[in-house]
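Kindly generate the complete structure, drawing on both the sequences and the hints.
Which chain is which? The protein sequence lines are A and B, in order. Each residue of the first sequence is one higher than the last, beginning at 6 in our numbering. Each residue of the second sequence is one higher than the last, beginning at -2 in our numbering.
Don't take each hint at face value.
Selected chain A positions facing chain B (in silico; Cβ < 7 Å) [what the hints assert, rightly or not]:
| id | residue |
| --- | --- |
| 1 | Gly8 |
| 2 | Val16 |
| 3 | Asp17 |
| 4 | Glu18 |
| 5 | Ser21 |
| 6 | Ala22 |
| 7 | Tyr23 |
| 8 | Leu53 |
| 9 | Val57 |
| 10 | Leu59 |
| 11 | Met78 |
Everything labelled a hint here was simulated from the structure, so no lab data went into it. Everything numeric in this text was worked out from a predicted model, so none of it was measured. Note that beta-carbon positions come from the ideal geometry of N, C-alpha and C, so glycine has one too.
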Amino acid sequence: MLGKNRARERVDEWLSAYIDGALSPRERARLEARLAEDPDLRARLESLQRTVALVRGLPAVPAPRNFLLTPAMVRPPAPTVRQPPSAARRLAPALTLATAVSGLLCVVLLVGNLLTAGGGGPGAAAPVPMAAYETGPSPQVQETQEALAKKAPSSPEATVTPEPARLDSAATVSETAVPEMEAWSEVAPSPLLEGGPIPPEMGGMGGGAGPGPSLREPGEPEEPEAEASPTPTPEPQPSERVAAAGEERVTAAPPTVEVTPTSPPVEMPGGERAQRVTSWLPVGGLALLTMTLAVLSIRAWRAR
Amino acid sequence: MITGRNLDEGRLVAAAQRGDLDAFNELVLAYQDRVYNLAYRILGDPAAAEDATQEAFIAAYRHLSTFRGGSFLSWLMRTVANRCYDELRRQKRRPAVSWESFGEMDEDANPFLVNGHPTPEEAAQQAELTRFLQSAIVTLPPDQRVVLVLSDVEGMNYQEIADTVGIPVGTVKSRLARARARLRDLLQAQRELLPRAYRLEDEDRDAGKEPSPGTGR
Chain A
6 MLGKNRARER
16 VDEWLSAYID
26 GALSPRERAR
36 LEARLAEDPD
46 LRARLESLQR
56 TVALVRGLPA
66 VPAPRNFLLT
76 PAMVRPPAPT
86 VRQPPSAARR
96 LAPALTLATA
106 VSGLLCVVLL
116 VGNLLTAGGG
126 GPGAAAPVPM
136 AAYETGPSPQ
146 VQETQEALAK
156 KAPSSPEATV
166 TPEPARLDSA
176 ATVSETAVPE
186 MEAWSEVAPS
196 PLLEGGPIPP
206 EMGGMGGGAG
216 PGPSLREPGE
226 PEEPEAEASP
236 TPTPEPQPSE
246 RVAAAGEERV
256 TAAPPTVEVT
266 PTSPPVEMPG
276 GERAQRVTSW
286 LPVGGLALLT
296 MTLAVLSIRA
306 WRAR
Chain B
-2 MITGRNLDEG
8 RLVAAAQRGD
18 LDAFNELVLA
28 YQDRVYNLAY
38 RILGDPAAAE
48 DATQEAFIAA
58 YRHLSTFRGG
68 SFLSWLMRTV
78 ANRCYDELRR
88 QKRRPAVSWE
98 SFGEMDEDAN
108 PFLVNGHPTP
118 EEAAQQAELT
128 RFLQSAIVTL
138 PPDQRVVLVL
148 SDVEGMNYQE
158 IADTVGIPVG
168 TVKSRLARAR
178 ARLRDLLQAQ
188 RELLPRAYRL
198 EDEDRDAGKE
208 PSPGTGR
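Encoded structure:
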């Protein structure tokens, strides 16, 4: 059956091509020879020819109306309608990226800040490392205050002693001495005035400081320091004396004692506060920026 | 078939390519009958043919830049044929027009059918035959239908059809043969519905068996 059908199809193809005059001369001659002797084949050709003739004879259907184009019909719809979304479409990924970058920066800064702050210990310990870094002696000074009241540890001495020693022994003005000198002048203006000879002699602070304490010997809390000044030569004594002087400072002369610790610590908290502000400010700013960008990018994505 | 009025096709196409819509509309007026006729014969539905025609003209205008010389009408016919082909493939999901629905087509859809025939009887016969034929064409598979209409309605040769549909000439040949044979079989099977004058065979000769060899009138 299948073979027969295929054969029929092939014959139909020949007949169809014959109708269209699409057979090669050789094929055509062969077909015409077969048609001449096969009435069935002739009948098939005829029915096919009639069918084609019927289709070709179908009347042309005129257009029921004009299909003229109007400018509105051919106006490119894409740009006018899709322009705003396309802008948002372009912006949305960029905004998202910006959000991610700013968010990442914010987190990095935050973690960095936390690490720097948390390195020395929680909360109150935070200033310590920075203070130690900038003004080393401060913790030691604090310790000296406490320690000196009980005993005289060696390390506090080392830090405390050089200052008076320099002040007295070295006439040359040392910069380390300066803070103490300032404190000195603030705390004890009257003794300086009493010890009038100082200003005329040097005029400079360091110069004045040198003789100052010695002159003030009879006086007051400064006495011990003044005593300490000559001491550098005898070794064992200065420690004791300084210790004693420390004790005296704590008890008898609050101003001087306060001077040593306060002057640096006052700077420390201030500097640390400034540091905190400067390190946390960008974090907050970045957080704000991230949030803004996030809102913008969400809007951009929604607009798409 | 219409070959277009005396119009300078090349000049109009060039002007249209520069964005001259009036020039393009002159081409529309010149070719809309042929474009619509092709769409109607392929789709078999006036409304669908109208849509396809309008869409084809819009698409043609928008893609004028892709027209590289040659026959503008052929290019236009290819555009509408492809649009109809797409429409037929879309319709594939819908149930095809069944053989049983023959003769039930709305005559008002084809008001032209009664035109051009002097006697009412002839006109009625022709109208019936045309309706019948169009219904039969619509039952053909889309592949065969498009080729049949391009060949026997539009009068395109094999090469033109191959270019329009984008298939080899050999495929055109076989599809056309199958379409014609199938159409013939349909007409023979329903020959009772055909007006006697248009029947493919003489009833007397093939009584009870396969179509007997016709002597050819």
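Checked hints:
no.	hint	verdict
1	Gly8	17 Å, violated
2	Val16	9 Å, violated
3	Asp17	4 Å, holds
4	Glu18	4 Å, holds
5	Ser21	4 Å, holds
6	Ala22	6 Å, holds
7	Tyr23	10 Å, violated
8	Leu53	6 Å, holds
9	Val57	6 Å, holds
10	Leu59	6 Å, holds
11	Met78	6 Å, holds
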